[in-house]
Amino acid sequence: MPSPDHTATSPLAPFRHRDFRMLWTATLISNFGGLVQAVGAAWLMTQLTDSSTLIALVQASNTLPIMLLAIASGALADIFDRKTLLLAAQLFMLAVSVGLALVAWQGWLTPWLLLMFTFLIGAGQALYNPPWQASMGDLVPRADLPGAVTLNSVGFNLMRSVGPAAGGFIVAGFGAAAAFAVNALSYLPLLGALVRWKPKTGPRTAPPEEFLPAMAAGLRYVALSPNLMRVILRAALFGFAAITVLALLPLVAKSHPEGGSMLYGTLLGCFGIGAIVGAVLNPRIRARHDNENIVRLAFVGFALALVVLGQSRSIWLQGLAMLPAGASWVLALSLFNVTVQLSTPRWVVARALALYQTATFGGMAAGSWAWGAVAGAHGLPVALTAAGGVLALGAVIGIWFRAPEFGSVDLDPVNRFREPALQLDLRGRSGPIMVMVDYQIAQADVPEFLRLMKRRRDIRRRDGARNWALLRDLEHPEQWSESYHIATWDDYVRHNLRRTKSDAGVSELLLALHKGEADPVVHRMIERHTVSESDDVPLVGKIEVP
Numbered sequence: 101m102p103s104p105d106h107t108a109t110s111p112l113a114p115f116r117h118r119d120f121r122m123l124w125t126a127t128l129i130s131n132f133g134g135l136v137q138a139v140g141a142a143w144l145m146t147q148l149t150d151s152s153t154l155i156a157l158v159q160a161s162n163t164l165p166i167m168l169l170a171i172a173s174g175a176l177a178d179i180f181d182r183k184t185l186l187l188a189a190q191l192f193m194l195a196v197s198v199g200l201a202l203v204a205w206q207g208w209l210t211p212w213l214l215l216m217f218t219f220l221i222g223a224g225q226a227l228y229n230p231p232w233q234a235s236m237g238d239l240v241p242r243a244d245l246p247g248a249v250t251l252n253s254v255g256f257n258l259m260r261s262v263g264p265a266a267g268g269f270i271v272a273g274f275g276a277a278a279a280f281a282v283n284a285l286s287y288l289p290l291l292g293a294l295v296r297w298k299p300k301t302g303p304r305t306a307p308p309e310e311f312l313p314a315m316a317a318g319l320r321y322v323a324l325s326p327n328l329m330r331v332i333l334r335a336a337l338f339g340f341a342a343i344t345v346l347a348l349l350p351l352v353a354k355s356h357p358e359g360g361s362m363l364y365g366t367l368l369g370c371f372g373i374g375a376i377v378g379a380v381l382n383p384r385i386r387a388r389h390d391n392e393n394i395v396r397l398a399f400v401g402f403a404l405a406l407v408v409l410g411q412s413r414s415i416w417l418q419g420l421a422m423l424p425a426g427a428s429w430v431l432a433l434s435l436f437n438v439t440v441q442l443s444t445p446r447w448v449v450a451r452a453l454a455l456y457q458t459a460t461f462g463g464m465a466a467g468s469w470a471w472g473a474v475a476g477a478h479g480l481p482v483a484l485t486a487a488g489g490v491l492a493l494g495a496v497i498g499i500w501f502r503a504p505e506f507g508s509v510d511l512d513p514v515n516r517f518r519e520p521a522l523q524l525d526l527r528g529r530s531g532p533i534m535v536m537v538d539y540q541i542a543q544a545d546v547p548e549f550l551r552l553m554k555r556r557r558d559i560r561r562r563d564g565a566r567n568w569a570l571l572r573d574l575e576h577p578e579q580w581s582e583s584y585h586i587a588t589w590d591d592y593v594r595h596n597l598r599r600t601k602s603d604a605g606v607s608e609l610l611l612a613l614h615k616g617e618a619d620p621v622v623h624r625m626i627e628r629h630t631v632s633e634s635d636d637v638p639l640v641g642k643i644e645v646p
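Going by our numbering, the sequence shown opens with residue 101, and the numbers climb by one from there.
There may be inaccurate statements among the hints.
Here are the simulated DSS-like cross-link-like pairs (lysine-lysine), alpha carbons at most 30 Å apart as the crow flies [to be verified]: (1) Lys601 with Lys554; (2) Lys298 with Lys554; (3) Lys601 with Lys183; (4) Lys183 with Lys354; (5) Lys183 with Lys298; (6) Lys300 with Lys601; (7) Lys601 with Lys615.
Think of the hints as simulated: they come from the structure by calculation, not from any bench.
All chains should be built: construct the whole structure from the sequences, respecting the hints.
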């Protein structure tokens, strides 16, 4: 059965929005330059060394920075202006690309220097990706979000169908330095589009989180969200095995007597064509199948492609095998991406995407190194076939770790919280804060109350509470108290603003069980062992009723 959100909307619907069209088109040009640069770097490494490991590490040097830096970038994207971060990342990558082109032009590149430059470009991409992915929700409405993510894949793979072949032609005719120069120029249209973009940002209702606590909040939210954890684990496994194609494809091309940069670019182009076909068919496939069946199809399709690529010596068969590999790549990764976005509220979406990308690209970085080592020790066919076996295992794992359906819960903020009027001159960073909520529950309702409180505990902890406890009065058994701690008053305000409409359903059910004449009493207290004369001063005539 398809998921509840699998609606037959037009795959081109996001193009109705001007800002999305503008940035998508500029990104298309930037992707072209990036793919030309990737062909130049991968092929140049085959000229600088015969080491299978170093050749595979070109791909790893692009993906490893994303694994290392994406979480930090996601935290920055959730607490600072995303447009500023996007511009900074693009300017950094432009500067590095210009430096790479100049060093290559002078003939000064060594294998390790080339890896350093590709690592720095990857670092810029790590800073860019989370705010860019999170900005999809700012560029298009929720209903068009799956289409926007798919069109991003279409754009990248449209360029993958022509960029690598063009890169092979540029490298063959003008050298790797020319490919690096083309990449540097490709950043300019996107920089211009970002400057012209005027994102709509609402007013802040709470101070921004501090950087390290924001990273911790993102980790905590994902760790306490089983659906997100399943997606992340499956994505990491897919990235670990599927990256074999991109990491070892230069060796596949080089293994043929007529092999060269043109053949390498052509095989990558076949991968891109397959990815475009997969992206075009993606809406129809999602309308007919649930997420787990799509993920299994992607794992199995890529596994079969790897086996053909490893066991066949025919260029034509290898080219044909790249088509289902590209389609499976898009089907899996676009579905994982959309699931993360639609399973996460906006306040933490960039951090959730960053953790997803960390797992995926971390798997890719580990896979690039591991499969390069296997190819060096046991040969290219063994590495490709073994990676196919790992993907087949990933399809079987879905029996126990099914991909969740998305769109079944409303993650928009409930916006009911009003900061209470305090009678102490409390600062935003004052704390720790202890909160207690008193309920009157009839004995017959206790089992349902405990079931709902288990859900409430998970929501509280996920949104920042700690030391959660549920207490029952020994002398008045109908009296129950929920208690938890929050680090500061600002954190308490943020904790309540994070409440989603889906979470509010639990609160409404608890309120229906409450038998008191008034609503449950909420006690907000600050822990104090000593109090200085300047802290916790009672307010006199200063209380503002919200």
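Hints versus structure:
With a CA separation close to 18 Å, the supplied pair Lys601 and Lys554 stays within the 30 Å bound. For the proposed pair Lys298 and Lys554, the alpha carbon gap of about 43 Å is over 30 Å, so the pair is violated. Restraint check for Lys601 and Lys183: the C-alpha separation of about 28 Å stays at or below 30 Å, so the hint holds. Using a Cα cut-off of 30 Å, the hinted pair Lys183 and Lys354 is violated, with the two alpha carbons roughly 42 Å apart.
Using a Cα cut-off of 30 Å, the hinted pair Lys183 and Lys298 holds, with the two alpha carbons roughly 9 Å apart. Restraint check: the Cα-Cα separation between Lys300 and Lys601 comes to about 22 Å, which is no more than 30 Å; the hinted pair holds. This hinted pair checks out: Lys601 and Lys615 have alpha carbons roughly 24 Å apart, not beyond 30 Å.
Taken one by one, the earlier hints fail for this structure at numbers 2 and 4, listed in ascending order.
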